Structure formats: C-alpha cells, structure tokens
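Engineer: Now that you have both chains on their own, put them together as the hints suggest.
Those protein sequence lines, which keep their order, are chains A and B.
At position 99 of the first sequence (counting the first as 1) the number is 99 in this note's numbering, and the numbers step up by one without a gap.
At position 633 of the second sequence (counting the first as 1) the number is 1633 in this note's numbering, and the numbers step up by one without a gap.
Think of the hints as simulated: they come from the structure by calculation, not from any bench.
Since we're looking at a predicted model, the values are computed, not measured.
Even glycine gets a Cβ: it sits at the ideal position worked out from N, Cα and C.
Warning: the hint list may mix true and false statements.
[Unchecked claim] Partial chain B-side listing against chain A, Cβ under 7 Å, derived:
# : residue
1 : S1421
2 : R1652
3 : Y1654
4 : L1655
5 : Q1673
[Unchecked claim] Derived, one-sided and incomplete: chain A residues facing chain B with beta-carbon distance under 8 Å:
# : residue
6 : L114
7 : V118
8 : I191
9 : I192
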Amino acid sequence: MTDLGYDAAHMLGAVVLLMSFALLYQRRLFSLLHVFTMQALALAATAAWQAFSHDEPHLYITALLTLVLKAVVIPVALHRIILKMNIQRTIEPALGIGLTMVAGVSLVTLSILLVLPVTEDATALTRENLALSLSVVLLGLLMMISRRNAVSQVVGFMSIENGLILAAVGVAGMPLVVEMSVAFSVMVAFIIFGIFLFHIRERFDTLDMQKIESFRGESD
Amino acid sequence: MGFVVSAIAFLFVMAATGVAARRLPSVPTIVYGGSAAACAIVVLWAAATLAGGGGVAEGWVLPIGLPWIGTHLRADALSAFFLLIVNFGGITASLFGWGYERAHRDSHAGPVLPLFPLFLAAMNMVLIADDAFAFLVSWEFMSLASWLLVLSTHREEGTPRAARLYLIMASFGTACLLLAFGLLATAHGDYSFDAIRAQAPSVSAAAFCVVLVLLGAGSKAGLVPLHVWLPLAHSAAPSHVSALMSGVMTKVAVYAMIRVLFDLLGEPAWWWGGVMLGFGALTAVMGVLYALMQEDVKRLLAYSTVENIGAIVIALGLALVFKASHTPVIAALALTAGLLHVANHSLFKSLLFFTAGAVLTATGSRDLGRLGGLIHRMPTTAVLALIGSAAISALPPLNGFVGEWLLFQAILNGPALPEWSLKIEIAVVGAALALATALAGACFVRFYGIAFLGRPRSRAAGEAAEVGAGMRLGMAVPAALCVALGVLPTPLIRLFEPAVRLMVEAGPFDDRAYQPWFWLAPTSAIGNSYNGLIMLAVIALLSVLLVLVIHRRASDRVRLSIPWGCGFDGPDPAAVTQYTASSFGQPIRRAFGSTVFRARDEVEMPEPGDTRPARLTVRWTDPAWALLFTPVGVAVDRLAERANRLQFMTIRRYLTLMFLALVVLLVMVAVTQR
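Next up, chain B with everything else stripped away, as it sits in the complex (with noise of 0.2 Å):
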C-alpha cells in the first residue's frame, strides 16, 4: 500500500517538475524516466501481492478530503490487478513517449509534460480508491487529465471540438456516477465502500444503479451509443497519450463497472447481465464497422477500442448473468476472459497506438491514404505492427487469441443458464461476437496492407526513415508480451486469479487438481483445452513448410506479365491506381453500411472526351448522431432558448413569479396538512 501511495506522490512531484523546469532540455528525460520508474514500483508492488494471494486486507485512512470523513484507501486484488494493467501502459508509455516528444518538439503545443504524471497517478487513485468521494474526485481528475492533453494539441483542426465534446460527455458520465454513489450510500450518509457492501440496497435502487454506473462508466469506456467522443478524443491526444487513454482509461471504467456490479451491489439480478450483452454485443459490432469506414489511422484504432470494450463488456455481463445463476465456476470462467481480455488490449492498443504514433513521426500523416510501402522504410516497426494487428485480430498463437476463446467457452456455456431469454440472448450474442472478431480481421488487414504494403501514395511515406530507439522501445516491449502471452497464458490467469475469486468466489481452474503451467483448460470449458506451444510449433512448421514450397515452386518459374497492368506497372509508376482504404472498406460498407450507416456511394462520370477526372463520393451517416445526440442537442438548445427569456423580464414580473411560486406552494402545505 505504501508504495503505491508514494509512487502516486512521486507521480505528483514529476509534475511539479514538469511545471517548473519546463525549459530544461534535461526534463523529458527525467519526467519520463521518473514516470516510467514509479509505475515499475506499482507493478512489481501489484504483481507480487497478486503472487502472494490477494491484496491488502486493512486499507488506509488519510486525513485529508472531507472533514471527519477522510479518504480511504485500499487495494485488494482486483485493484491490484488494474493497477498491474494500467501501471504497465504507464512504463510502455512512457518509454515512447520520451523518443515521441524529442521527434515531435512542436513549440506551439500545450505542455504535455506536467500533465502526463498527473493522468498517470489519477488513474491509480482511482483504482486505489475505497470509499466513493475520493473515487469520484480521483475520476473526475482523472477526466479533467486526459482532457487538458487532448487540448494540448489545441491546434490542430478538431482537437476544440473532440475536447468540448469529451468534457460533456465525462461530466455526463461524473454525474451518472454521482447519483450512482448517492443511491448507495442511502440514508446513513456513509461513503466508504465497506459501509455500501455491508448493506444490501433494495431492489429499485439497485436497478436504478446498474443503470446509472452502466451510463457512467459506459460513457468513458466507450459503450455505444455512448462512444461519440472517444474517436475524436483518443485520436486527437499525442500518441503516448492517445495509446494511454485507448489501452488504460478504457480499462479504469470497466474496473468502475466491475467494482459496482460485481462488488459493491452485492448479489446481482440476472437482468443485468442481459443488458450488459446486449449493449457488449452493439458496442463490438458498431465499433468494428466504423473502424472499417475510417481513414484515420489513429481513429481508426479508437474505434476498434470501442470494439474491444464491447467484447469486454460481453465477458462482464456473461460473468454476472452466471454469478446471478449460482454457477460460479463458469462466472469464474467468463470473469477471467474478461481480465485476461483487459490485459490484452490493454498491451496490443498501446502497440499499436505507438506504431499509428510511429508513423505520424516518420511522414506526418496518419491518413492511410497517404501512407503505404512503409514495410521498406520502416521494418521494425512494421514487424512490431504486424504483431500488433495479429494479436487484435484474435490469431493464434497470440494474446488476442487466448482471451476470445476463452470468451467463446465461456458463451458456449450458455444453455447451462436458467432463463430462456438469456440463453437465446447469448446465441445471438455469440454470433454477434464472432462477426465483430472475424470484422475485426478485416479491418486490421486493412489498416495493415494499406499502410505498410504497397507502394507509397505519398512523397512523405516514401521518404519516411525509421524512428528512434526510445520509441522501437516502447513498441518491442509489448508487442513481445503479446507473443509470451499468448503462448503461455496460463501464469497470467493464475497470477490474477485471487481477484477472479474476490470478485464471483469461484476460480478457473477450481476442482481441477493438476494443472500444468504451460496448458490451458478451465474447469467449464466442456473438455476444451489450449496449449499455446503446440499452437506455435504447429504454426512455425507449417509457415516454414509454406516459405520452402512457396520458393521452390513458385520463385523459380519463368513469369509472365501482361503488357498493360491497369497503369500499375513501369519503372515508376503512379502509385494512385493502387487498391485504397476505401476500395478495400467498399465490400463490408455495401455489405454492411448501406443499412446501419445510410451508405451512399456516388460516382460522377465525366461525358466522353470530357478530361475532368472521375468522382466517387461516399456519403454515410452516423447513427449515434442522428438518432440520439443530435435530437438530444436540439432539446437542450431548445430548452436554453426558453430559459434565456427569464434574463429578460421586468422586475415586476420576477416579483409576480415568486408570488406565485410561493402561493403554489402554500397551497400544495394546505392541502397536504389536511
């Protein structure tokens, strides 16, 4: 406890220095250096007190925060987990974040430097937090971080409009929270987490908590229709920053959701799983379709965040549904595909985050259309991509692989649930998923091929030179996690696996007695099991296999080639007529777009022996927008117009309205008294 508490301090020194010696040259270096330093102090902290069985049983009370009340702190062992997970984003981070700042020094940038330990320390108060003010205070600091570093880029075009929407949003989400903790703590008044567990609310508070925490936490995970301002803000951060809030924000507001539900209400009702599958499902589906529409690679990343957070939520929602069940060995299941899904993302969205950051030093760009043949330019980094973008398509033998099939044995366990509505809601949740993953495939090859093969489409990518060895750094540590990971999950889910039980009371693995290291079998996977070392023997050989056939049959034969290659070929030759991100999005987005997003392509076709150049324009609309946030901001406006004439009455008429009001209301005493 007490280390964590000081690397928070520490945290908040780094930002005093930040502030106060910004003019340094020096000062990158020991900020980042600083920051990197105390979040290994929390993970070594997180990772031995999970080794050892749990976390800490007495929690801390500071004399500081509301007179008479204090602030509790403690950390058990699903704390301890996220602060492992965020802790880790943090050192990663903040490796490539010190080669990132020395290849983008741009003077007319907000100061990032003061801010980053901040976000960094917020988020571990968050995680640390026992009682709901200094969990509501650490949030919104938390919220109020990460906003003034999306602002540091205040001047590049949409970073205003991503910032105003994403403080709308997170002050949405505070108070959702807010009126969450407020039904909890109920009438005793008291805030701390052990006083909220120890009393069961009754049934219509808790419903209306569940809905209020889903709403809150939702907002800053990312749950669409919630999810608006998460591509615009994850995008318009600095890269580090942008990987930070992708691959770590996301994971505190589901630690929130996870705390509340699972923790915090005490036993659940089985309808509240359901909704979180239904939403979980929407979110993983509408997140990969509108990664598949974008151009932007950092947004397009975002995007697939919400995706990931959708596939998240499913594991959370299948783990309370069965918790609400009494099965919890499966809950356990479920619950553990859906930390080991956390950890995950949280190591493959930050690699890839740094190689979108990687990319944007090296051409000034992060429109696939510009970018292309980047694997000649920049092949560590492009290796480091590919690891990447095959870990979050869910291949084995990665990491990504690892937590969708334990997600998937967990939803095969469906029909073992009571209720008839839930069981055809996992099948369709289940198939909803698997279109997300195999979507998801789809959208990384994309993202892979259009900008790293090929040719150029820019001078900018054609010229682009590898970066730094501070940010190849940054991407080689996760990206070598994601293949350790994914060949030997087995002593993650067992370091983890006290707060499995904290949280659903049962393990993964329970009743199982032997239980090699290096094999994977949960208890309710029906008999399944996953060995990631045969996986990777298999998949070596036969890629070898596939290298040597490849070479001797088809390298060797005398080619042929057509005298005109649809204007591809030539010593040099325009790389416009290459495949684009947005022929290759076409198929899914007639597939797909047509009805969910109101896709519209439009091709003007010049007359003959007209020398204008043709024009496919493709129009889409936002269904978030249109259905929700749009008429909403309508209301608002609408109800502002009417408000604002109370600024313009006459003193009389104020008089006469506060007569009124107070005749209304001694009416309403008489005729309540008799």
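Excised from the complex, chain A in its bound form (with noise of 0.2 Å):
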C-alpha cells in the first residue's frame, strides 16, 4: 500500500510538472487554456489521493475546491473572456520555445539540486513532492516572463498557484486553512486580473502587453 501511495502520488506530481511544460510551448489561447485545465484535474488527483492514501479527509476539500475553481470555473471564464473581446488568439513568445525550454529543464534541476540537499531528513515523498512543486512555481514565473500576452500572464500566474498547493497537500500536517486561503487568494487575484483585462482592453483596444508598452512611450 505505502509503495503504491508513493508511486501514484509521484506519479500525479510528475503529471502536474509535466503539464507545466506543456504550457510553456502553447502558440493559441484555447490550447493553453486546455493545458491549464489538464493541470488543475492532476492537482486535483493528487490532492484525492493524498487524501485517500494518508487517509486525512480534509483534502478532499482542496481537491473538491481544486475542481470546482481551476478546472472549471478559471478555464470557463477566462473562455467567456477571450470570446466575448475578441482576443487575438495566438501567443507571441518574447522568447524563443526552444530557449524556454532549456531554461525550464535547467529550472527543474535547479530545484531538485537545492530541494534534495536542503531536506534529508525528511521522507521521500515530501521531498520528492516538494522539488515537483517549486519546479512548477518556477515555471510558472518563467511563463509569465516570456509571453506578451495578457491572458498567459493570468495563466502563467495560476498555474504558480497550483504549485503552491501541490506543496500544501504533499506535505502531512499542512492544515486546511492554508489551502483555503491559497485558493481564497487565487479566486481573488482572478477577479482582480479579470476587472483589468477589461480595463486594459477598453483603454488600449488590445491585450498585447507589447503593444501596451508602446503606449508608455517605451518598447521592448
């Protein structure tokens, strides 16, 4: 059972890391968003079988609120958004996909060689658990740096979100309040990003952060 708990609960972690790559390579919108919603059902997953197999019923809480708010609601609204404005549906990279790429495996190996060292006399799981999610907060803040678009940007933001949380339900004993407000804070960081997409949009006719730009009287 202990075996199979690990391995499953690696397994899952290894899915959400791996959709973290995904998003970095996303040329159109609605994939992105696919990708994104992909990534919330695995940390959902993890956070049910965590649950399950540590036999601790309150992250079935976070799962459920997982469920309920990145793969559903987030992905639908954000949907809704670019329909309804008219967004230009591809993503202009700022930097090349195979760059983003190296970069990204070298950030997951940054953060191996520091989790690793750092918590020896943790167990395995946790350990493990925590390399996969600072990998993934650290590829989501590679996202938002290399994309001009406004909406990767809220999407790289969450998808920071999901790490932070993936830490939370690996490691035993994080208590339920932490989730809640990780998840309370995301609900109100895409309320706030939403208002200013639109804002943005009215002011600038357009999401184009490169375009944006020009209106400060600046480039890249």
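Structural biologist: The following block contains the structure:
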C-alpha cells in the first residue's frame, strides 16, 4: 500500500509538472486553457489521492475546491472573456520556444539540486513533492516573463498557485486553513485580473503587452 | 538630575510659549528670559555637582522612548562639565539674543523664538543621554533644531544652499554614529551605555567604531575635510544662534568623541590617538588658512572655529595616545588642556560672534570691505571685540593663552611615548599647531584692524551707532570671563578635574601636595608653571611704561607730513585707498594659498591713457570641494541616473528582474548547502 501510495503520488505530481512544461510551448490561447485545465485536474487528483492514502479527509475539500475553481470556473471564465473580447488567439513568445524549454529544464534541475540536500531528514515523498512543486512555481514564473499576452500571464500566475497547492497537499500536516486561503487568494487574484483585462482592453483596444507598453512611450 | 530634567522641560514650555504667543510684544523677553533662567539653573547645578566631586552615580530611567527599554538619563562628571559649558553659552546667547531680536525685527524671517529653546534643550538632552537610542534621538533633534534656525534667514542669499548642505552632512554624521553604536551594542542589543561599557568590543569592531565616530562627530565638529558645511551654516544663522552653533554645538560633538573614545570603547589602541592627531593638525592649519581668505566676518569666525576644533582634537588625540601607553598623568594634562580649550573657545567664540552680530546690527554688513573705523562709533563693542580677538590669538594673560600653553606642555611630553612613529608625529603636529596659532594671530589682527580701526569703508560704517544694553551685557559677560580665566585658570581646572579623572583615571595635579589657587603647575609640565597674576602685573606695567614713553617721546615732537600720502591725506579722504582685508591677507595668500588653495592673483592693468580702473582678481579653489565633495557629488549623481532607469521599465522586465534575482538566490542556496 505504501509503495503504491508513493508511486501514484509521485506520478500525479510529475503529471502536474509535465503540464507546466506543456503550458510553456502552447501557441494558441484555447489550447493553453485546455492544458491549464488538465494541470488543475491532475492537481485535484493528487490532492484526492493524498487524502485517500494518508486518510486525511480535509484534503478532499482541497481537491474539490481545485476541481471546481481551477478546472471548471476559471478556464470557462477565461474562455468567455477571450470570446467576448475577441482577443487575438495566438500567443507571441518573447523568448523562443526552444530556449524556454531549455530554461525550464534547467530550472527543474535547480530545484531538485536545491530541495534534495536541504530536506535530507524528511520523508522521500515530501522531498520529491517539494522539488516538483518548486519546479512548477518556477516554470509558472518563467511563463509569465516569456509571454507577451496578458491572458497567458494570468495563466502563468494561476499555475504558480497550482505549484503552491501541490506543495501544500504533499506536506503532511498542512492545515486546511492554509489551503483555503491559497484558494481564496487565487479567486481574488482572478477577479482582479479579470477586471484589469477589461479595463486594459477598453483603454488600449488590445491585450498584447507589447502594444500596451508602447503607450508608455517605450517598447521592448 | 532633577534640576536638569526640569530645566529641559521648562525649555520645552518656553518653545511652546514662543509658538503660541508669537504676536505679543513681550514674548521675546519671556522666551529669552526663561531660556536664560533654565540655563542658569543647569549651570548652578553642574558647578555644584562638579565642586562636590563628581556626577550622579544613579541614572534615571524614564518610561518614554522605545518600549521595554525606556530612556536612560545620567549626568556624570564629564556630562556635568559640558552641561556647564553649554548652558553658560545658552545664558549669554539668550541675553544677547534678547537685544539682537529687538534690534533686528524682520517680518520676513522665519521663526527663531520657538526654536531657540528647543535647540538648547536638545543639546542638554544629548549630554545627559545614557543610552545609545536616547543619544541618537537627541543628537538628530539637535541637528534639526539648528537646521531650522539656520533656515530662519531663508531670504538671504546663500542660506538655502548652506541649509541643504548642512542637512546632508548632519544626516551623514548621524548615520555614522548610528552604525558606530550598532557595532558597540553587538549581539545582545542592549543599547544602554552601562551595558556597552561592560563588554569590550572586538579589535576590528573597535577600529570601525573609532573611524565612524570620527566621521560622525567630526562632521558635526567641523574636522577637515568634513567641515565644508560649517562655515556656511554657522554664518547664515542669526548671530546669537551662530554663537551657539559655533561656540557650543561643536562642543557637544567634542563631548560625543570623548564619551565614545575614552569611555565606551574601553582600553584604547595607540593608533586611535595618532589618527586624531593627524586630522587635528590638518584641521587647525587648514581652518586658519581658510579664515585668512575670508571677507565675510561671520564666515571668518566660523573657519576660526574649525581651527580651534583642530586644537581640541589634537589635545584629545594626545590624551588618547598617553592613555594607551599607560601614562595617565600626561594623559590627564592633555585632556585638561583639551577641556580647558573647550571652555575657552565657547567663551571667546560666543563673544566674537556677538560682536559680529553687533557690527551687523549697527552697519547692516558682514563684509570686512565695508567696515572700518568702528572703534570710534562703537567703543564698548570695540573693546570687547579686542578682548575676544586677543584671547583667541592666545595672548597672555587671557584664557586662550592658558589653554594653548597647557596643550604645548602636553606636546612637549611626546618623547615619553614608546612608538617612534608617534614621537615624530607629535613633533610635526606641534609645529603645525604653532603655525596655526601664529596664523590665528594674523587672522585676528586682520579682523580687528580692518573692522574696527582705520577709516570707514562705507557710509553705513561711518554712521554706525553703539548697540543696546542687552547686547552689550551679552558680550561683556564672556569677555570678563575671558580675562578672569586667563588670570586665574586653576579654579576652573580644579572644578572639572573629576571629569578628567573619570576619563583617564588621573588628575593634572597628582603627586603635588600643595597647589595654590593662583598658580598653575601641572605635574607633567616638566617643571614649567604659569601664574596669571604675575603675567597680568608685568603686562600692565610694561603697557603703562610703553604708553608713557610714547606720549613723552613721540607726541611732543613736531611732525612733518609728506605732501602726497598715497591719496590718503586731505580733509575727507576717500577710504578706498586704505589697506583692505584682501591686501592684509595677500602675503599669507601668496605664501600658503598658492599651493593649498591654488590661489591666483590676476591684475588687469588698462593701457596708459585708458580711463578704466585697474582690476585685481583673486581666484582660489577649495581643496575639500575639488578633491572630495565634487567627485563624490558627481558619483552620486551618476549612480542616481543609473538607478533612475529602473523607474521606467516594462512590467515584464520587472518580473524578469525579480525572477532572475530569485533564481540567483536559489542557486546560491543550492551551492552553499553542499
């Protein structure tokens, strides 16, 4: 049972990380949203599996929250925003795809090198999980800076939050209130982002950050 | 202790009165009278405490300030001595200020009345602070109060620049002191002076601390090259405030140096005093050379303060090296010389700034080139200014002479030190101090001769009238003390002996069984002694003889006058042909200024037949600006320019910067964890 629990948790975490990589090379907004949904599904599965294998029922609530918010509400809402605002559907990368992938792989290496020696006295599952979630956070940051589109930056931010929740469910004993507050902050951030997206578009008629930056009298 | 705290509280009340009842005509009288009364109480308390053999052993802890720490207050013998100096200066400045304010009612000037008692209170608070936090807060409070007082003349040209420079340098000084106390408090974080004393800092921490204190307190005292703000700010303030800043506030900075270097840091290393000696000598010589180049009376006096601070710092450096070499009796002699010079300088510098204020009131000018002949118009001021000038030039039997005499006695003990480098340095410093003293004499001959002798150089100087009674009284008190302390210095030295004993654990008169009160013969003065009474009698006798001889021999003779006296003769000679301030300074400007200040005289002589006047242009560069402040300013500007670009980046750039910083930090952690 323990071996199976470890392997399954490891695999689900790896899927979340894989989805982070997949987010990095998407060229279209809708496929970006699909990948993000899949990442949220993988995350919810991880939380549920942890709840089952460690017999911690409150993680079911986390899983449910993730499922509802991240996998349903946010993607659907973003989908509607994109349709409603008639945003250009392609994403212009500021960094080449190949280069981004290389950077992503080195970030994963960095987080493994960082986490494994630091947490030598922790259980194997916790260590692996921390390394995975740190990778997801760093990849989300990388996504935010390597894309010019505002929507993709929002998605990058959300995937950072996914990394945090992954860390939270992996570490035994993390109280529910932490996860609740993370979830809540994601919700608030999403609302704020949505309002900002509307306002930016109303004002500048575009969501392409490069064009918005040109309004400030400068450009990349 | 209670007297000091209640006097400070009373000064705050006076400040509030100054704010609340600004419009009432009697308010200046109340505020200045109240300040003088508060200062007088502290003076009496400090004198009684010192005469009783020391300060207060038990301090007070007031429950204000940082929570759980409070404010520690204590006045030991050293504090009591400086309280005496500061508050005596406060009394005379209040007296003079009362008359000055009435003569100088300028509706456009900023408020002085509320700030003057605040400034006095702040200086008192610095002196009784017994923990680093209270000390720093009071110190900054003192800086800000004096800064606001400087700004009260904000409509005069040059004041805004002076005030800005002062603010920058004051912040710099406080920052240095903050770091110094941070080093002293170390890991325990206990900022009370008792706790700092209890644990000796490490060698490197002590070294840093010495440098930081010399920077922090030195910038306030006016150590070259950190002196640049001092002449500008001190001369820009109203005259009684200038006297306080120059005569008294610099002494608070000296107190800070003594407190940290002699008391808090514990056993000194030999090089601390060496550094102080070097900077003291540089300050003394440069200060007086600057003073000789000035045309502005108050600026001249302010540069002369820089010179005197140099002499005091030399005395402190000597005391420190002798303390480090375990010869406390000689250290006591040097520290006595330093403290005596502190007292002397506070007296005659206040006096001279008051005379400058009186001259400014009477003529409306601070420019030496527009004064002259004031001895006929303002006889009292002229006599008092003469006493001040003679005292600051260290002429016997005035108090300046006693201080310098003691200082040279300490310098002559230099060969008693084990380190050869210090022996040689002290010889060089002694020579530099002698040079500075002689130049100070020249400087004050120039000041007095140009301002008070000769003929008026402007209409205003010709029509000047003597100032009012309050101002004259404010000048007469320090002048009388200059004479009294010069004739009888021993009682004052006896009075502050507990302070010296506290700092170097020896007194200046140790191993002398009998020491009469009119005789000054310190133990380590190698058999030399000074008796002011004999000196006074001899000088009086010689003066009488000289006057008699001159009147007998010279006045009765028939005098022949040459028909053309360089255009100076005649019924109403144009005063423009007489010797001017810059002609007086020219020999010294040529001898020293050409190398130190790169001074150049350019004479523009018109062709024969041309009716244009000939023109003499004197150019000189200030080495402190040219070598230190301008390059630093340029560097700061350039850095600010660089940093300014960070303000105008795109969001993605900011995110990238943060991301890179995060990755770099993580890599550092990953590498160092290995």
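Engineer: For each hint, tell me whether it holds in the structure or not.
Structural biologist: A quick look at each hint next to the structure:
1. S1421: violated (52 Å)
2. R1652: holds (6 Å)
3. Y1654: violated (9 Å)
4. L1655: Because about 5 Å separates L1655 of chain B from the closest Cβ in chain A, which is inside the 7 Å limit, the hint holds.
5. Q1673: holds (5 Å)
6. L114: With Cβ-Cβ at 4 Å, under 8 Å, it holds.
7. V118: holds (6 Å)
8. I191: Violated: closest Cβ of chain B sits about 19 Å from I191 of chain A, beyond 8 Å.
9. I192: violated (15 Å)
Of the hints listed earlier, those the structure fails to meet are numbers 1, 3, 8 and 9, in rising order.
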